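Start from chain W and add chain U according to the hints.
Number of protein chains: 2
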Amino acid sequence: MPSEVYVAGVGMTKFGKSDLTLPQLMVEAASRAIQDARVNTIDYVFIGVMSVEEFTGESNFAALITDRLGLPGIPSSRVETASSTGSAVFESAFYAVASGYQRNVLILAGEKMTHLPTAQTTKILAEVIERNERKYGASMPSLAAMITRRYQHEAKLSDEAMQSVLAKVAIKNHYNGSLNPYAQFRKIITAEDYFAARFVSTPLRTFDCAPITDGAVAVILTLDKKPIRVSGLGHATDTMAVRHRDSLTSFRSTRLAAWQAYNMARLSPKDISFAEVHDAFTTFEIIGTEDLGFFPHREGWKAVEEGGTSIKGRLPINPSGGLKARGHPVGASGLAQIAEVVLQLRGDMEPSRQIPGARIGLTQNIGGLANNNLVTILERADRYRPIPVYWKPDYDPGNVKPREIPDEPLSVDKGTLETFTTLYTTPEGIPSPLTLGFVSISDGRLIMGRAADENLKIGQTVNVEKQGDLFYIRPSAPQPPPSPEKGMEGVKRWLHRALSSPDPKGDDR
Amino acid sequence: MPSEVYVAGVGMTKFGKSDLTLPQLMVEAASRAIQDARVNTIDYVFIGVMSVEEFTGESNFAALITDRLGLPGIPSSRVETASSTGSAVFESAFYAVASGYQRNVLILAGEKMTHLPTAQTTKILAEVIERNERKYGASMPSLAAMITRRYQHEAKLSDEAMQSVLAKVAIKNHYNGSLNPYAQFRKIITAEDYFAARFVSTPLRTFDCAPITDGAVAVILTLDKKPIRVSGLGHATDTMAVRHRDSLTSFRSTRLAAWQAYNMARLSPKDISFAEVHDAFTTFEIIGTEDLGFFPHREGWKAVEEGGTSIKGRLPINPSGGLKARGHPVGASGLAQIAEVVLQLRGDMEPSRQIPGARIGLTQNIGGLANNNLVTILERADRYRPIPVYWKPDYDPGNVKPREIPDEPLSVDKGTLETFTTLYTTPEGIPSPLTLGFVSISDGRLIMGRAADENLKIGQTVNVEKQGDLFYIRPSAPQPPPSPEKGMEGVKRWLHRALSSPDPKGDDR
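First to last, the protein sequences are chains W and U.
Numbering of the first sequence is given in the numbering used here, commencing with residue 13 and proceeding in unit increments.
Numbering of the second sequence is given in the numbering used here, commencing with residue 13 and proceeding in unit increments.
Isolated chain W, as found in the complex (with noise of 0.2 Å):
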């Protein structure tokens, strides 16, 4: 039997745009963590970063930083899934207490971002994308972009409901991070905020993509039994290409990951009293409260609407600010997702955002292009543990067969247009803006393709052409110019209540 590990302490800087270097961020947060932890001793320092070589020129960041923490002789080891990476090391280190080897661990996460050109940081961050989309330009935000038009095609939504819902999740997390003193962003935003704000990559606006932060996080994990214990973990992957999932609106990483959380934690969706949910992007929320099995396929925008997912909601969704507000140093945004439930089940929140009775709560984290997600469930010891359960999910979660990558075809004529979007801050030496697009051809494969411009429609035929090495889509027929977004007045209505005022909690969610 494995041992028990327990949480004995937490630490963060102030997430933004520092001056500080990433060893002095982390040093700040490992300082804080252990005053927090009052241990005596650290028997190994797991270290979370992403891609500190590009960002920063620095290599060899694990001896680096005990070095910095004064403590060299100390073992260290760097752990790295991409923007997962913060939840990636803690599950490693959790394997090094639960194996009885080390006793006290130290966990630092961190990123610094903000010293870059924005055109350098969108190229490194799409350095985790399949090489051939990444070929045609494609980055983080049209990728999003492209899996946020078709959700609003499955979900039968109008233009002006899904920019409606994707609004509200923004102002929900802006609000929720004014209340969170270690925020990026402090201030609430309105429904004239959020539609003022530039498309990034059509229909994603500014307030829909986690910003570029600066900031690290500490977690100490111990064999000692303290307060909160770490009860559910999971983790899986998917494939590099999006083009080559088994669906675009769902991701089956996260899927996979939430039924070995629940499994190892003996839980279901219904005893999570409130989670973190990666929202890299605001479709991103909706789509992770979905396949963490909260709400059906598909549906997890109604509970926005509702109101469900606010901080005095059902179920709280990102009570910190998510990464959206509480901001996104790529490694440490799931380090940082966990030591926000640390605190909560701690009840050591302020009382403005302290979620009441909070006993379990689940972290849900991104790694890449949804294909390197974790989920990782803690809960108080001294929860009272009924019968256990076996959650079982509406799909197939063990069905990992190996499998042929598709080839790409040589050529192709025609096929359906499945989404697209006109990306505007492209990645560096790429010009802007970009139109692209997913289409589906004859046997069923997926190919992406460039488009002239926005003039598409989800569904319609399509003629596709190769010049060089890429894939032109050419409408057969062109379509209007889509209807400009709405949805203002709407959310000015939900804003008061689903914000200002409590909603009573109920048993019957």
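Bear in mind the hints are in silico, worked out from the structure with no lab data behind them.
Do not take every clue at face value.
Said to hold, decoys possible - Once the Cα atoms are required to be at most 20 Å apart in a straight line, the calculated EDC-like pairs of lysine to aspartate or glutamate come out as: (1) W/Lys426 / W/Asp481; (2) W/Lys147 / U/Glu66; (3) U/Lys504 / U/Glu172; (4) W/Lys135 / U/Glu66.
To be verified - Residues on chain U that point at chain W, a partial pick, calculated with CB under 7 Å: (5) Glu16; (6) Glu65; (7) Ala94; (8) Ala110; (9) Gly112; (10) Leu191; (11) Pro193; (12) Gly380; (13) Pro414.
Nothing here was measured: the structure is a model prediction, and the numbers come from that model.
C-beta: ideal position from N, C-alpha, C; glycine also.
For chain U alone, kept in the frame of chain W given last:
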């Protein structure tokens, strides 16, 4: 009690210059290990790569590899500790299995390096060096060269004797590599070859330095009982700056890691049948054998002279050919050492290079300039285990105390030259040749400095002047140029005795 962890299988690619991509190399190594292990499922994939983003432009590498393996879904994390990555990823995987949460774990380590110009590779590898020392243009070979010259001084060896010892290490490891079908270099080298090669950084020549290599290695760990067991792991860091160390000629990170590994395995250095020691530079093999407790400090060179570390000697060191001849794909070398030990312990080697009766093998792997080192001990599971041993080293290994990083002095007048080198293969952007030295100043601190040329002598008083942000060293009285290195004839005589005629094993080591 943690679970016992066994090695189910190993596999590797031939090391050298390859036209394959790193994912292709990793898939090849993984296929061989899966075939060797005959496991039906893989529950987790741990990936070890050092600077994959800078060498290949790919990030999110753990997910990329599970995809290429045809296993999207399986959880995957990347672990990194610079050049000891191969051992560190093995350690994290070990914890995952020992915790009981993972049954069969695939560990994959690799690096693709030969496609870049040498100056660029040297620059990427130099990012492991502390920022201040890097500023002077210090590269890994130049620091290793200064350590070598200091070792010679402390061991009271003549130039001729030191060159002769280094040549013997290189010739021995190339001889071993000639027997290893996976080695990059399969040709023996002669004393003439060694002494004809150019200096990389005085007194180190081409054959003293591990090459630039492509390659990948796979190891599968399991909870199921198999013939080879993991019996000891040790891991320790040291200061980033070489000038902040307590010794220039012994690595505290190795000593600490060795002590931990021996204690976990309940073994002493006397129990080890053979070892793979991190010979990125020939000197490091000698220092490694001392730090591991095989030989007294400053006397490791005697074992080389006596032929005791050759493949037929009493304690074979680097039967694989070591980093020197097998090659050094930086993230993979530690796991290649482990694979060699597994095959030797299983008795699966070609008869020409099988170490007879090998029951316990050890690997020592250096991260950075010896500031993140690991020691791993494996043994035959059927080995008779007498009374457990608690090894007491002749140093205090437990003395890890928090420390302040010493300030860099603002100005210096004079000091004592502790060691120096002239580097010919400088990192990108640094003019060649470059003479560097370490100088001790009145309060005992070491500083790095540049010098005009090599008319220097260890122990002499030097003047130091600051120009810009660099210190410059000027000898108060110029020295005669160092004598040209000799010793070829002695190496030729040694060659016949140490490698050609097997040395009968004795029990009195």
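Hint check:
1. W/Lys426 / W/Asp481: 17 Å, holds
2. W/Lys147 / U/Glu66: 18 Å, holds
3. U/Lys504 / U/Glu172: 14 Å, holds
4. W/Lys135 / U/Glu66: 13 Å, holds
5. Glu16: Since the shortest Cβ distance to chain W is 11 Å, the answer is violated.
6. Glu65: Since the shortest Cβ distance to chain W is 6 Å, the answer is holds.
7. Ala94: 4 Å, holds
8. Ala110: Interface hint status for U/Ala110: holds (4 Å vs cutoff 7 Å).
9. Gly112: 5 Å, holds
10. Leu191: This hint is violated: U/Leu191 lies away from chain W, its Cβ roughly 33 Å from the closest one there, beyond 7 Å.
11. Pro193: Because about 28 Å separates U/Pro193 from the closest Cβ in chain W, which is outside the 7 Å limit, the hint is violated.
12. Gly380: Since chain W brings a Cβ to about 4 Å from U/Gly380, closer than 7 Å, the hint holds.
13. Pro414: 4 Å, holds
Of the numbered hints stated above, those contradicted by the structure are hints 5, 10, 11, listed in ascending order.
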